[in-house]
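Here's the letter readout for the chains.
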Amino acid sequence: MNISPEVPLNDTLSPSSGLRELLPPLTEHEAVTESARCLMCYDAPCTHACPTHIDIPKFIKKIHTGNLRGSARTIFESNLLGSTCSRVCPVQELCEGACVLGSEHKPIAIGRLQRHAMDHAYSKKLEFFRPAASTAKTVAVVGAGPAGLSCAGELAKLGHSVTLFERRDLAGGLSTYGIISLREPVEVALMEVAMIQKLGVRVETGRDVGTDPTVTELHEQFDCVFLSVGLGHTPQLGIAGEEYIIDGLQYIEGSKLLPSRLRVGRNVIVIGAGNTAIDCATIARRLGAERVTMIYRRTENEMTAYPHEYDFVKREGVAFWFLAQPVKVHHDNGSVKALECVRMALGEPDASGRPAPQPLPDSNMLLPADQIVKAIGQHKPSIAQLLNLRTEKGFIEVNDRFETSSPGVFAGGDCIRARGSASTVMAVQDGKLAARSIHQRLVNHG
Amino acid sequence: MADLSITFAGIRSPNPFWLASAPPTNSGAQVHRAFEAGWGGAVWKTIGAPVLNVSNRYGAWSYGNQKMLAINNVELISDRPIQTNLREIAEVKRAWPDRAVIVSAMVESKPEAWRDIIKRIQDTGADGIELNYGCPHGMSERGMGSAVGQVPEYCEQITGWVMEVAKIPVIVKLTPNISDIVMPARAAVAAGANALSLINTINSIIGVDLDTLEITPNIAGRGGHGGYAGPAVKPIALNMLAALGRDSIVSGSGLPISGMGGITTWRDAAEFLLLGARSLQVCTAVMHYGFRIIEDLCDGLSNWMDEKGFATISDVVARSLHRVSDFKDFDLSFRAVARIDQNKCIRCDLCYVACNDTAHQCIDLVDKNGKVIPPSSYDQRSNGKAEAVTTRPSVVVRELDCVGCRLCYNICPVEHCIQMVELPNAKPSITWDQLSKQQAEVTEDWQQMEQYRRKMGIRIH
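So the sequence lines, in the order shown, correspond to chains P and D.
All residue numbers for the first sequence refer to our numbering, where the first residue is 1 and numbers rise by one.
All residue numbers for the second sequence refer to our numbering, where the first residue is 1 and numbers rise by one.
Rather than coming from a laboratory, the hints here were simulated on the basis of the structure.
We put the beta carbon where it would ideally sit given N, CA and C, even for glycine.
Some clues are possibly wrong.
Calculated pairs, DSBU-like style, for lysine-lysine (alpha carbon to alpha carbon, straight line, at most 30 Å) [what the hints assert, rightly or not]: (1) D:K167 to D:K110; (2) D:K344 to D:K368; (3) P:K61 to D:K328; (4) D:K344 to P:K58; (5) D:K344 to P:K106; (6) D:K437 to D:K328; (7) D:K427 to D:K437; (8) P:K58 to P:K198; (9) P:K61 to D:K234; (10) P:K58 to D:K371; (11) D:K67 to P:K106; (12) P:K61 to P:K124; (13) P:K58 to D:K368; (14) D:K67 to P:K58; (15) D:K93 to D:K119; (16) D:K67 to P:K61; (17) P:K106 to D:K167; (18) P:K198 to P:K61.
Here are some chain P residues the structure puts well away from chain D; computed CB gaps all over 10 Å [to be verified]: (19) R37; (20) G70; (21) P131; (22) K157; (23) T214; (24) L258; (25) P359; (26) M426.
Output of the computed footprint for chain D on chain P, the stretches with three or more beta carbons under 8 Å from beta carbons of chain D [claimed, not checked]: (27) 90-102; (28) 199-208; (29) 270-276.
Only chain D is shown next, with the shape it has when bound in the complex:
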């Protein structure tokens, strides 16, 4: 059995899974139940400035038969009295000494307001503080949340105020609504923060109601951008996580990162760990299925780690980070082609139409006699199951023409039917970076490029 326990910036947790600061951690009763279900920690829903909420505050994006691939919300920070929150935080921490209890905070951008809230949080016995510089709606209009996270100078200044009085670890939570996530992260490092977390939610409008022409969700005839989260944002979160890991200043600081953004299953969790997260936060998946999902998050992660021979979470963290590269460092001589397993193929021909219409026209329809035929070439009078099934052509890749774009692989509905087969490197490895240094003219002039291609035997289909 793998050891799932972590110590994150000094905060201990029996497993890496924390509830993110959000509706699931709105009250002591909820966090109690979450801990009973097995969650390793909880980041309390942000406390701070007084707020009022509205109805129809959550929207969802669904696709196909999958409900809520993403959620968007205009819910503000906790609307419960601050004294109630602080009392319940203290009670929860007393009842669960082995779990991580972290409190998210957001107040007006004034030193005294921040110092005051930090002291009050510390009095509860909480294990850490997360600074909410990410909330993209409502609070940002009042100069808080992402209004801070989007300006590295503000981020550094406010973190500095906090660090002056903080006696417990401080995590700075970053907003993804920024052109380069590294900048606010460096600011947090400069201000002496103890850890980083990302991503907060992304600005979004879920949609428009085609019956009423109102914005979805409809708030008394209005609607607007809300924070977007859930499975659909995971790739964006992974990229930002990796960007911090690859930045020498941020990674050199040694600050641990708590990763979040669409973590739904243990598989997602493992990917965040592999790209450098040291603790994991979950919200949308819990809002969809409840606290019980913690069981498979831990069980699945543990089984996978056992299978891979990873004894501790630290063994997994950042293991794949070194593979994240820029395009200029990719091997231009690397070649892979699509190969279709005819025994697995169900002849849906989705690969054919995708390749033919939108990629590189290198999949053929081949009849029983090996002849390439156009689609719909059956006799209009033929019909019936047997006729349709037995005369259906095979889809065959012309490997010489296949550029290995991987589109067919991505859309094939049958598991392991299309494989991207790596071809032996016929040419010496070279990257764009090397090429532009060794033969700059090739990278600057089309005629030179043509000559280089001919010399290297590179065919463009």
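Just chain P, same shape as in the assembly:
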């Protein structure tokens, strides 16, 4: 890896960049007083709401007693990527949303307390787990995002020999490339990768499964395979001038890894209203765009961004055009001038269960812009075809044990998320549960 995982947290961006982590770390005093507010519910709803079921009252009380080491261990036992999750989880929809104090009071700041314990563990370079005695079993994990790292780490703890193949130059998946620095600095993701490596996982970056290694090699060299490849490229809108539209994930990637070279327009349009679109609009504003407008063909009721994200981005000064669908990019020799949209109206529910937007005749309008970014979801994973796996709505189909239609090949994370919303913490849980199934298979096929 090129970027040192030793870089201290929060210290790589200048304070003026606007991309520094949005929430400051809690001070010792803040953490202790906040943790004292926790009622320590029994069989707590926050723990139920957490997809990885971290024993939240337990780690919070340990913060209160000054046992930060024990607190971090409690988190890691359920979730090896607790540092990323403490930053990127939609806590309003999960643990904090379920907090019993939420109804009349302020819920406990669970995410920030978890970050406090995690930052302690990483800044003190604490180690919690040692791999069990080697089982001489080999597992290939394909894709080093949260699901892959989680699965690889859990398997390594159990003594299996794990190789993690990653197509990109850096491991970490969306945590490294796709979550804006305001929420998670790249160093946080890379420190987690380093921690997984310390558990004995070989991380091989720059290796694209299919060509290197080939599918045959994969099957021959490994007892089991776990696919955590995430999703593919952003789909085409199929409109004229689309080649001048910037891909949202690349936009975010630029803001994370090379912010000084990222070109940000003065008048930016973001197409889409999901989590990534919100992030694109946020960095455009933070990096100097005077005007940022999000275009969505349905209304705020159908958008997939969380309510707290919508509130946040409005406070950032981002404008919205609902019920508008792009039809053409107007440009002058590649220099974007405007986005032509048609007004829409909501009709009958479509396959997604949401009302289908229909274009209104003769309602075209021209929205001036000097930069257009699209974040309208991602293509389904193509590896399913490569490995000849059954799919469900284009996603890799798995059974209750996360096993695909090909025995010994397991999958988890965004690439199997045919139902429900994709998130980092769900991917971590997939990886953890899949690791248990893989372990069982490896032991049973002794």
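With chain P held as given, fit chain D onto it using these hints.
Chain D in isolation, oriented as in the chain P frame:
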């Protein structure tokens, strides 16, 4: 508006609140400011034998987000020259004729030393004298303070010396560091004291520093027991106050009692009055928040008295004292059960775990279909706010099995969510005292007890 003024052993005070003899009454300037803030009286920090103090003299016990639930100290009596104290006492009394100025004293256990200090205090024009028989640290090693209070004979003898020369009311301050608070109180009565006050501070060690392994607070590598006071000691003080009120000799003497020990709010104050205190002394709360707290002490007490229809402090004093009883006089047929208001319940399940692990296993987790389920019985794959909140079971008391221990009531974080509901007396009232007189065998033999229970329909869960 209720009349808060009192006359305590002849000492008049516009309200019952006095600063206790302690750091807040260390100097004339402080007492001036306290009186400006509205305090009814002040018991001057103890004057007497020469002393020297040390640093790190106060320790504190904090819990959760609450700082200083209790303070402990190894500060001695006043370390300022006695002439300075006497001059300032005289000045304060001249400036504040309507306030109670009482001087706490402690000298070597010699008749001449006591007679001398009493005369010098009387010369200041002070309204009364408090004899400090309570200081548990330092002074006691020199045969003063609690070394006197812990031996009723000494207490009686020294009080006798004082009473020979005293022309103003004398209050004897008792130490709680004794097995029966009534004994030194009776000694003071026997010696002719005019009033009693309690409690002084309790022997304590605040803790040990887990980094240095030194005692907290650390005094050049050492530490030791200090006097413990503040909100945490209030229940102990209330019990000792009630013990004096229930003793026929002490209460029969008619001596008024000045109550103290953890009084922080007007609510605490009202409780001390209800159990028999006729004036109230405050220290730790003032050391935490300053003299300004007198405003709500008076305002809150006055509003409460108006609401209750009490016109004067005397109307309140000892009103609840007759209810303090021994276990043997409790009605064994009295039954109450816990009832949970499901609309108020926030489903923290603290009552469930407390009852299940440590009390009488009579709270169930009940799902939406009315089925009793074990904890953590959700599918490990379920998650999210909606799932966690909507599938959470209710906590339900099995009233037949509930012994009415009141643990759940005590820990429930929601006001008025769990109530202890009194059940109609199905059986005739009987106390242990009556039972042991009427059916002694039942109270002495387990088999007889079993038979009695069966006959009376008493189930033990």
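Verification of the supplied hints:
1. As the CA atoms of D:K167 and D:K110 are separated by approximately 19 Å, the hinted pair is consistent with the 30 Å bound.
2. Under the criterion of a C-alpha separation no larger than 30 Å, the hint pairing D:K344 with D:K368 is consistent with the structure, at around 17 Å.
3. Of the pairs offered as hints, the one joining P:K61 and D:K328 is violated, with about 41 Å between alpha carbons and a cut-off of 30 Å exceeded.
4. This hinted pair checks out: D:K344 and P:K58 have alpha carbons roughly 25 Å apart, not beyond 30 Å.
5. Note on D:K344 and P:K106: the hinted pairing holds, with a Cα-Cα distance of about 17 Å set against a maximum of 30 Å.
6. The hinted pair formed by D:K437 and D:K328 meets the criterion: a straight-line CA distance of about 11 Å does not exceed 30 Å.
7. At most 30 Å may separate the alpha-carbon atoms for a hinted pair to count; D:K427 and D:K437 meet this at roughly 18 Å.
8. Of the supplied pair hints, the one linking P:K58 and P:K198 holds, its CA atoms being roughly 26 Å apart against a limit of 30 Å.
9. About 28 Å separates the Cα atoms of P:K61 and D:K234, which keeps this hinted pair within 30 Å; it holds.
10. A C-alpha spacing of about 28 Å is found between P:K58 and D:K371, which places the hinted pair at or below 30 Å, so the restraint holds.
11. Distance hint between D:K67 and P:K106 is fulfilled; the C-alpha atoms sit about 22 Å from each other, no more than 30 Å.
12. Between P:K61 and P:K124 the CA atoms are separated by roughly 20 Å; this keeps the pair inside 30 Å, and the hint holds.
13. Taking the CA atoms of P:K58 and D:K368, the gap is about 27 Å. The hint holds against a cut of 30 Å.
14. For the proposed pair D:K67 and P:K58, the alpha carbon gap of about 23 Å is at most 30 Å, so the pair holds.
15. At most 30 Å may separate the alpha-carbon atoms for a hinted pair to count; D:K93 and D:K119 meet this at roughly 16 Å.
16. For a cut-off of 30 Å, the pair hint linking D:K67 to P:K61 stands: about 18 Å separates their Cα positions.
17. Between the alpha carbons of P:K106 and D:K167 the distance comes to roughly 60 Å, so the proposed pair goes past 30 Å and is violated.
18. At most 30 Å may separate the alpha-carbon atoms for a hinted pair to count; P:K198 and P:K61 meet this at roughly 28 Å.
19. Distance check for P:R37 against chain D: the nearest CB is about 7 Å away, which does not clear 10 Å, and the non-interface claim fails.
20. Distance check on P:G70: its Cβ is at least 15 Å (rounded) from any Cβ of chain D, clearing the 10 Å threshold; non-interface status holds.
21. Non-interface call for P:P131 relative to chain D: holds, since the shortest CB-CB distance, roughly 25 Å, exceeds 10 Å.
22. With 10 Å as the threshold on Cβ separation, the claim that P:K157 sits away from chain D holds: the shortest Cβ distance comes to roughly 19 Å.
23. With a least CB separation of 34 Å from chain D, P:T214 remains clear of the 10 Å interface cut-off, as annotated.
24. Non-interface status of P:L258 relative to chain D is upheld: no Cβ of that chain comes within 10 Å, the nearest being about 36 Å off.
25. At roughly 34 Å, the least C-beta separation between P:P359 and chain D is larger than 10 Å, which holds for a residue marked as non-interface.
26. The non-interface label for P:M426 is inconsistent with chain D: the shortest C-beta to C-beta separation is roughly 8 Å, within 10 Å.
27. Evaluation of the coverage hint for the stretch 90-102 of chain P: fulfilled, as 7 residues show C-beta separations to chain D shorter than 8 Å, against a requirement of three.
28. Residues of the stretch 199-208 of chain P with a Cβ under 8 Å from some Cβ of chain D number 0, which does not satisfy the need for three, so the listed coverage is violated.
29. Here the stretch 270-276 of chain P counts 0 residues with a CB under 8 Å from a CB of chain D, which misses the bar of 3, and the coverage is violated.
Checked against the numbered hints above, the structure breaks hints 3, 17, 19, 26, 28, 29 and satisfies the rest.
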